[in-house]
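Protein chains: 4
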Amino acid sequence: MFKFEDNKSYQMPAHFGGWVYDPGQELYYRDAVNLTYIYSTDRDRLADYLPEGFELIRPELIIGYMQGREIDWMAGSCYNLIEVSVPARFQGKRDRVDGVFALVVWENKTEPILGGREQTGIPKIFAAIEDLHIFQQNYFTNASFEGNTFLSLEMTGAQSVEGQELAQMKALSADRNLFGWRYISSGGGHGAELSQPILYPQKAELKSAWRGRGTVQWTQLKPEQNPSQWHIIKALAELPMIEMAPVMLSKAVAILKPAQARVLE
Amino acid sequence: MFKFEDNKSYQMPAHFGGWVYDPGQELYYRDAVNLTYIYSTDRDRLADYLPEGFELIRPELIIGYMQGREIDWMAGSCYNLIEVSVPARFQGKRDRVDGVFALVVWENKTEPILGGREQTGIPKIFAAIEDLHIFQQNYFTNASFEGNTFLSLEMTGAQSVEGQELAQMKALSADRNLFGWRYISSGGGHGAELSQPILYPQKAELKSAWRGRGTVQWTQLKPEQNPSQWHIIKALAELPMIEMAPVMLSKAVAILKPAQARVLE
Amino acid sequence: MFKFEDNKSYQMPAHFGGWVYDPGQELYYRDAVNLTYIYSTDRDRLADYLPEGFELIRPELIIGYMQGREIDWMAGSCYNLIEVSVPARFQGKRDRVDGVFALVVWENKTEPILGGREQTGIPKIFAAIEDLHIFQQNYFTNASFEGNTFLSLEMTGAQSVEGQELAQMKALSADRNLFGWRYISSGGGHGAELSQPILYPQKAELKSAWRGRGTVQWTQLKPEQNPSQWHIIKALAELPMIEMAPVMLSKAVAILKPAQARVLE
Amino acid sequence: MFKFEDNKSYQMPAHFGGWVYDPGQELYYRDAVNLTYIYSTDRDRLADYLPEGFELIRPELIIGYMQGREIDWMAGSCYNLIEVSVPARFQGKRDRVDGVFALVVWENKTEPILGGREQTGIPKIFAAIEDLHIFQQNYFTNASFEGNTFLSLEMTGAQSVEGQELAQMKALSADRNLFGWRYISSGGGHGAELSQPILYPQKAELKSAWRGRGTVQWTQLKPEQNPSQWHIIKALAELPMIEMAPVMLSKAVAILKPAQARVLE
Numbered sequence: 003m004f005k006f007e008d009n010k011s012y013q014m015p016a017h018f019g020g021w022v023y024d025p026g027q028e029l030y031y032r033d034a035v036n037l038t039y040i041y042s043t044d045r046d047r048l049a050d051y052l053p054e055g056f057e058l059i060r061p062e063l064i065i066g067y068m069q070g071r072e073i074d075w076m077a078g079s080c081y082n083l084i085e086v087s088v089p090a091r092f093q094g095k096r097d098r099v100d101g102v103f104a105l106v107v108w109e110n111k112t113e114p115i116l117g118g119r120e121q122t123g124i125p126k127i128f129a130a131i132e133d134l135h136i137f138q139q140n141y142f143t144n145a146s147f148e149g150n151t152f153l154s155l156e157m158t159g160a161q162s163v164e165g166q167e168l169a170q171m172k173a174l175s176a177d178r179n180l181f182g183w184r185y186i187s188s189g190g191g192h193g194a195e196l197s198q199p200i201l202y203p204q205k206a207e208l209k210s211a212w213r214g215r216g217t218v219q220w221t222q223l224k225p226e227q228n229p230s231q232w233h234i235i236k237a238l239a240e241l242p243m244i245e246m247a248p249v250m251l252s253k254a255v256a257i258l259k260p261a262q263a264r265v266l267e
Numbered sequence: 003m004f005k006f007e008d009n010k011s012y013q014m015p016a017h018f019g020g021w022v023y024d025p026g027q028e029l030y031y032r033d034a035v036n037l038t039y040i041y042s043t044d045r046d047r048l049a050d051y052l053p054e055g056f057e058l059i060r061p062e063l064i065i066g067y068m069q070g071r072e073i074d075w076m077a078g079s080c081y082n083l084i085e086v087s088v089p090a091r092f093q094g095k096r097d098r099v100d101g102v103f104a105l106v107v108w109e110n111k112t113e114p115i116l117g118g119r120e121q122t123g124i125p126k127i128f129a130a131i132e133d134l135h136i137f138q139q140n141y142f143t144n145a146s147f148e149g150n151t152f153l154s155l156e157m158t159g160a161q162s163v164e165g166q167e168l169a170q171m172k173a174l175s176a177d178r179n180l181f182g183w184r185y186i187s188s189g190g191g192h193g194a195e196l197s198q199p200i201l202y203p204q205k206a207e208l209k210s211a212w213r214g215r216g217t218v219q220w221t222q223l224k225p226e227q228n229p230s231q232w233h234i235i236k237a238l239a240e241l242p243m244i245e246m247a248p249v250m251l252s253k254a255v256a257i258l259k260p261a262q263a264r265v266l267e
Numbered sequence: 003m004f005k006f007e008d009n010k011s012y013q014m015p016a017h018f019g020g021w022v023y024d025p026g027q028e029l030y031y032r033d034a035v036n037l038t039y040i041y042s043t044d045r046d047r048l049a050d051y052l053p054e055g056f057e058l059i060r061p062e063l064i065i066g067y068m069q070g071r072e073i074d075w076m077a078g079s080c081y082n083l084i085e086v087s088v089p090a091r092f093q094g095k096r097d098r099v100d101g102v103f104a105l106v107v108w109e110n111k112t113e114p115i116l117g118g119r120e121q122t123g124i125p126k127i128f129a130a131i132e133d134l135h136i137f138q139q140n141y142f143t144n145a146s147f148e149g150n151t152f153l154s155l156e157m158t159g160a161q162s163v164e165g166q167e168l169a170q171m172k173a174l175s176a177d178r179n180l181f182g183w184r185y186i187s188s189g190g191g192h193g194a195e196l197s198q199p200i201l202y203p204q205k206a207e208l209k210s211a212w213r214g215r216g217t218v219q220w221t222q223l224k225p226e227q228n229p230s231q232w233h234i235i236k237a238l239a240e241l242p243m244i245e246m247a248p249v250m251l252s253k254a255v256a257i258l259k260p261a262q263a264r265v266l267e
Numbered sequence: 003m004f005k006f007e008d009n010k011s012y013q014m015p016a017h018f019g020g021w022v023y024d025p026g027q028e029l030y031y032r033d034a035v036n037l038t039y040i041y042s043t044d045r046d047r048l049a050d051y052l053p054e055g056f057e058l059i060r061p062e063l064i065i066g067y068m069q070g071r072e073i074d075w076m077a078g079s080c081y082n083l084i085e086v087s088v089p090a091r092f093q094g095k096r097d098r099v100d101g102v103f104a105l106v107v108w109e110n111k112t113e114p115i116l117g118g119r120e121q122t123g124i125p126k127i128f129a130a131i132e133d134l135h136i137f138q139q140n141y142f143t144n145a146s147f148e149g150n151t152f153l154s155l156e157m158t159g160a161q162s163v164e165g166q167e168l169a170q171m172k173a174l175s176a177d178r179n180l181f182g183w184r185y186i187s188s189g190g191g192h193g194a195e196l197s198q199p200i201l202y203p204q205k206a207e208l209k210s211a212w213r214g215r216g217t218v219q220w221t222q223l224k225p226e227q228n229p230s231q232w233h234i235i236k237a238l239a240e241l242p243m244i245e246m247a248p249v250m251l252s253k254a255v256a257i258l259k260p261a262q263a264r265v266l267e
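Protein chains in written order, with my numbering: chain P, 3 to 267; chain V, 3 to 267; chain R, 3 to 267; chain Y, 3 to 267.
Calculated from the structure, these hints are not laboratory results.
All the given hints hold, so there is nothing to weed out.
If several chains are the same, the list does not tell them apart, and a pair holds so long as it fits within one copy or across any two.
Within a straight-line C-alpha distance of at most 27 Å, the following computed DSS-like cross-link-like pairs (lysine-lysine) qualify:
no., residue 1, residue 2
1, Lys-209, Lys-259
2, Lys-259, Lys-172
3, Lys-95, Lys-5
4, Lys-224, Lys-111
5, Lys-259, Lys-205
6, Lys-172, Lys-205
7, Lys-10, Lys-95
8, Lys-236, Lys-224
9, Lys-236, Lys-5
10, Lys-5, Lys-224
11, Lys-205, Lys-10
12, Lys-209, Lys-111
13, Lys-259, Lys-10
14, Lys-10, Lys-236
15, Lys-224, Lys-10
16, Lys-259, Lys-95
17, Lys-111, Lys-236
18, Lys-205, Lys-111
19, Lys-253, Lys-209
No experiment lies behind these values; they were computed from the predicted model shown.
Kindly generate the complete structure, drawing on both the sequences and the hints.
Written out as structure tokens, the structure reads:
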């Protein structure tokens, strides 16, 4: 008979054995290339997507693309993600934390999706996401679902960021509080077994950065083209792009700290 | 602000809206082709993988491949899976149920993996799984992870099953109790938030069937080839194949009943 | 030293050995599902794409999707294709043949692309092409290149074709003359080493058929999204859809006869 | 009617237009990571794969893996390849050139395969080829066909190469003569339409390099697992690995010169 041990952590399938968690555990992504798009949008409509306990800091939508490689916990494998988030403050009975609330994260591999959802409530779902196409000073990528493009990202005219400004960017990206909301339904759809906000602390060692003109193009899909995500794409596509900031490209070492993730109260 | 409604079900990301669950909901897979391999193995070693509350009915490993198409909840899309299970009885304080306990299920799309894990504790993980290669009376498929083959399945010399025997197969496959164990860890690895057996009832309307010679070949992988699954493959590959039953091929309509899934006690 | 033998056929890499060609060779695709869209378009613009020796029979664009499985020469593997062709007559010094001229064929596997181009001049190129999504009486598929959708195909409200009409369809699809133009450039771009029309005879044993409403949606791509195909997509997308015939769905055994392929004169 | 123009080059489908060839054309791969394995093997068996006109310079098998990115002619897209070649001299009636003869090249995208085969006779065929997995000082990749692994490559304990030795490597890799043999069969398998040796000159600007221990593991496949390539894999897997040189890793800008490719005589 298989027995769970109290000092071990497990992930389904649990019955092939667990592991002793290292409280100082950090997950290194040694080659992370990031594209960050930020645009201001409608405050009220954006706030509608924040669950209880969270409030909007600024009415901004942040679209972060990461091409992650040399990922230690995957023995050096790689994946790409597109994280859509908003600047938010959690104000609970016990905790008060500023960070970004993840509205949705698309990733092109299943494995990081599972851990992110189950352990930290980050709402990761699958999409095909292209590696960066890099041509002259231009960068292109896109996300699609079973052949249907729903998001195209471009950066053109990239110019290197240096000196004082680079130092500022390094400082700003050094620490990051990512918020998720873990929801696990009961069997048979009778309410929630778990429904809770979670803080997932992350770090980045930024190495170099570029600034350019950014283009974000959402393409809405019909329900039959993407039955379980079309409403998410629609919600995001319908948020007005009021003002687009310059897009930033950076190369960094990204470091996740799942051992410091915790349920907020 | 987003508010959860009590009468609705949600899946992460929850804050884009939930749905009212239909208690009679059935998920149709209108074109399901199944290959079923069964071999007897070592009773004690197999029993080591069954969590508390479950006991082995027979020391058999069941490897079920399904090529599922015309799947209604995916608007007619498709995926393949390989389910490894054992005949087991759940004997709890309240419930006593016979069925099969899912040791692991590989699937080649993320979407069904998420629902299966989070709602019903079926230990689904990702692998590339080939569609059936069908050549003369022979069938071939395999499972691999990032280019590394770990399971090859063959059926040769398929002969049609008819009459009384087909009728028996139809009756036997009409209802199926699939057991999972849902485990959700606490943030930061401090034990379990959820750890519970779940029953997931399923049905099948078998249309036609064939019998043939089956070959199952496990190939163990090095940890660096598949960091989070190699130990599962090793555990299964090391179970002795004592006697292989004839492999069965069937075409069916598969019907899942998530609304009737429930936590066992 | 490797020596070519006169009675053998070769395909690159040739030096691992060739094979004796069977003059009666037929390639069976035992499970072929076809969607056929036909629309009338501008005669002059369409005729511009026909090389010397070919003339347009009718100003129609034919878009044929095939989901091919149980393919003998691939040991039972499968692939999908989208063939865009026009009804054409070849009128040469020696030959006069009616058939369809292949403007372009997208396929989602490399292997059939190579043989088709090099042996028979069929202008096959790569795209990701979805398997058929089948939901109620509706069928969906699409073609994309590196995440960028460029063609979506739908069939809705499929109704079975029976009796006399089915018999006619069987007769019409029994034989098919497919025309390609084989062009192999000289090294270094100095003109053509080969430039010649080729006839590739094919057969089909149609089993069943359905009729429905069809939708064809072209999406033009920017050169940076598909550098070597965007001009082809643009050319086809700009042809007006004057009148769309009912879309036909059929299940068939498709049979190719490469041994009877021949250069036309 | 479509007319070919004498001063233009074409690739199938030709009838959508050609282009004026730039005689100085160079194709830049701005981010090329190369792993090079060399092992001595049986001279006679290796020589059997060299067509008339070529002779073996050394009985060595060279396996070169390239992860190519920022490829200009693909608008910044990427692909991976595994090239298996031997050091060879072409001695013809007119030409005498030293270089490497390509026995086979696997690539994971169709587009470069087509141009390489048709314009320069490089025997490119398709395989799934993983991006480099990079973990500590170790590198892993593999090649598979429809889920069946046939080649695994490792490099462990990478140490940087500096100074004089790096300078030598830069000089050695600056120019490279790659030989192919273009073979295009006649329609219907009646001998060859084209059968000719071709020289394809290439360059590399090597930036940095590492040396380590290399492991090459071939896995033979059954004909039904890879009907058109199993004999190639078998031929290569059966060549003895007599002595393996240290494996070299390099980062470079790779530059192809198709405009200087020419048929050898």
